[in-house]
Amino acid sequence: MSILIDRSAKVLVQGITGRQGGFHARLMMEYGTDVVGGVTPGKGGEWFEGKPVFDTMRSAVETTNADVSLVTVPARFAGDAVMEAADAGIRLVICLTEHIPVADMMRVLAFCRGRGTRLIGPNCPGVMTPGQAKVGIIPAMVATPGNVGVVSKSGTLTYEVGFAMKNAGIGISTIVGIGGDPVIGTTFVEVLEMFENDPETEKVALLGEIGGSAEIVAADYIKNAMTKPVAAFIAGRSAPPGKRMGHAGAIVDGGEGSADEKIQALEAAGARVAANPEEIPGLLF
Amino acid sequence: MKLHEYQSKFLFREFGIPIPLGKVAASADEAYAIASDLGGVVVVKAQVHVGGRGKAGGVKVARNADEARQYADDIIGMDIKGLRVEKALIDPGADIQQEIYLAITNDRSAGKPLIMTSMEGGMDIEELNRQRPEAIVREHIDPFAGLQDYQMTFIASAMGLPRAQWRAFGKILRGLYQCYTDSDAELAEINPLVITGAGELLAVDGKVIIDDNALFRQSALVEQRDTSGEPESERLAREAGITYIKLEGQIGCMVNGAGLAMTTMDMTKLYGDADGIGPANFLDIGGGATPEQVAAALRIILSDANVRCVLFNIFGGITRCDEVADGILTAYNEVKPSVPMVIRLQGTNAAAGNKIISEARIPNLFSADTLTEAAQRAVAAVKEQP
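Order-wise, the sequence lines are chains A and B.
Taking the working numbering, I'd label the letters of the first sequence as residues 4 to 288.
Taking the working numbering, I'd label the letters of the second sequence as residues 112 to 497.
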């Protein structure tokens with residue numbers, strides 16, 4: 004199978020009766036994702052596109068046997084929603100929500116780890132295994148099935164690169180948007196390891212940005228443990244230090260986390276780094 | 112959101128951390144009055160959101176109130192790295208025997224709070240980390256359990272703190288952790304925490320940065336926000352809910368998504384740097400932007416007099432390019448920019464969007480298919496101007 008999700012994933016949408024949640028739940032269903040229901044506290048017993056809505060994750064999982072959940076609720080409630088999913092035994096929680104306080108995320112992450120739940124995000128576009136399933140907001144049109152794994156901190160930049168790959172005739176095994184927040188559930192290295200062990204994936208594209216050291220840690224992994232070729236792009240070469248570039252995690256702090264430092268580390272690890280994201284398809288041939 | 116030194120220290124005091132008994136002055140006369148009350152030697156410290164104020168002449172030791180007045184007169188109103196100093200903190204001079212570094216911050220990789228401390232305080236922690244990383248003691252905190260007594264003992268002994276100060280240090284550490292969690296700080300730093308001649312501990316300088324995403328539950332701290340150092344355009348953008356950061360280049364960028372916005376800036380620099388051309392701003396218009404938001408964003412970009420060209424780079428995923436094109440036209444008619452514009456619409460309904468743009472027959476407007484072409488066209492448009 005591909006990594007994280009395939010067509011057998013049974014998905015609950017937390018916040019399915021909300022505008023965003025409902026909109027994307029429909030698109031996911033159109034794509035072929037097995038959305039088995041949703042959760043909105045106080046709306047249990049209602050129906051959404053023929054799927055049951057529950058008050059709690061516990062009752063939703065008991066009834067549907069879902070193993071994946073998508074969190075689309077607002078920032079103030081998102082941490083609680085992720086913990087509820089983990090407590091209900093969900094294997095994989097994907098959290099789209101932006102602007103969750105870091106203090107909340109640190110507790111949520113510890114909670115998930117204690118229950119063996121994998122969290123993707125927050126502040127991410129989700130996961131898509133082209134031709135099988137998508138959980139999140141990645142547009143269907145940006146990818147066709149194939150054997151390049153894509154892992155990225157960003158949303159639209161990922162669509163851009165996916166689209167360029169599609170136009171060049173390159174297909175994708177799975178796209179994983181890990182999110183642009185400082186504290187996230189799943190890091191570059193963890194996804195690289197999944198791709199390294201995935202028989203469906205032959206090559207990997209990594210899209211990073213300024214801030215933090217996750218790309219440096221990824222470079223170490225590529226150097227020491229990866230056999231599959233990696234192409235990469237790092238956004239934010241022109242960003243001034245000390246300024247937060249949109250994503251909460253995208254800040255060069257005290258000289259740490261600059262694009263140049265990351266590009267050097269990735270090149271030294273044998274990855275092929277593009278100066279322009281539209282060059283990525285060329286680096287994957 | 113950054114707090115000033117005086118705001119940080121006054122916040123520390125609420126958590127039982129001893130600080131010098133200074134006050135803030137907005138004028139030389141106020142500085143004189145405060146220094147007279149304190150008596151003896153005082154330190155006049157510029158309160159400004161920028162590092163390196165000491166080197167820039169923003170910190171002066173005054174032997175008496177008259178000198179304090181004179182230094183305050185120099186410092187208040189001075190320009191430090193482009194920011195005007197509005198206030199100065201007047202602190203009594205401290206009898207410093209030893210300087211300690213102590214901070215609590217969010218460790219991104221571990222996803223846990225991290226205490227960092229060193230007996231070699233006073234200097235820049237990044238510099239210390241480069242030169243002597245072994246001089247820094249690091250300890251993670253379990254976000255559920257909080258700071259434990261055994262950890263305080265470990266830290267005090269590992270850093271080599273004299274036993275006489277363990278108890279007082281433990282109290283400060285506990286206060287700082289409480290301050291960090293209660294305030295949703297991403298950094299709570301005391302540098303230096305000094306051991307005085309009398310063997311007491313005193314937080315002589317402080318820095319607190321609050322997590323912007325937690326401001327909704329930190330209303331008391333939000334009231335302390337100092338926007339005087341913020342460019343007018345960034346303030347307008349913040350109020351309009353648009354993420355905008357002013358830069359030094361000539362190409363105004365309007366993009367959907369933060370990663371793609373950074374990438375678009377990078378592309379203008381990649382193709383323009385040789386001619387001294389680069390991005391004028393970072394701007395993320397977000398998903399599903401309305402024509403009103405596009406117009407507001409366009410006005411903000413054009414408020415920067417350096418802008419010689421505006422580059423729109425929209426990748427329509429869920430956002431539909433035809434709707435964005437309508438938004439751009441509405442904004443164009445409202446704002447009537449005099450500089451050339453380059454528009455690149457790609458993704459969902461791109462063909463329809465580009466048709467709308469081309470049929471509008473706007474002079475000085477160029478379409479591009481790819482990001483590369485768009486960036487090159489924008490650079491060329493700047494070069495063509497005198």
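Some hints could be false.
Just so you have them, the derived chain A footprint on chain B, three or more residues with Cβ under 8 Å [claimed, not checked]: (1) 206-220; (2) 246-255; (3) 387-393; (4) 449-459.
Derived coverage of chain A by chain B (criterion: at least 3 residues anywhere in the stretch with Cβ under 8 Å from a Cβ of chain B; other residues may be distant) [stated by the list, open to error]: (5) 239-251; (6) 273-282.
If you are wondering where the hints come from, they were derived from the structure by calculation, not from laboratory data.
Computed from a predicted structure; not experimentally measured.
Don't be surprised by glycine CBs; every beta carbon is placed ideally from N, CA and C.
Review point. Looking back at the hints listed earlier, which ones does the structure fail to meet?
Key: none
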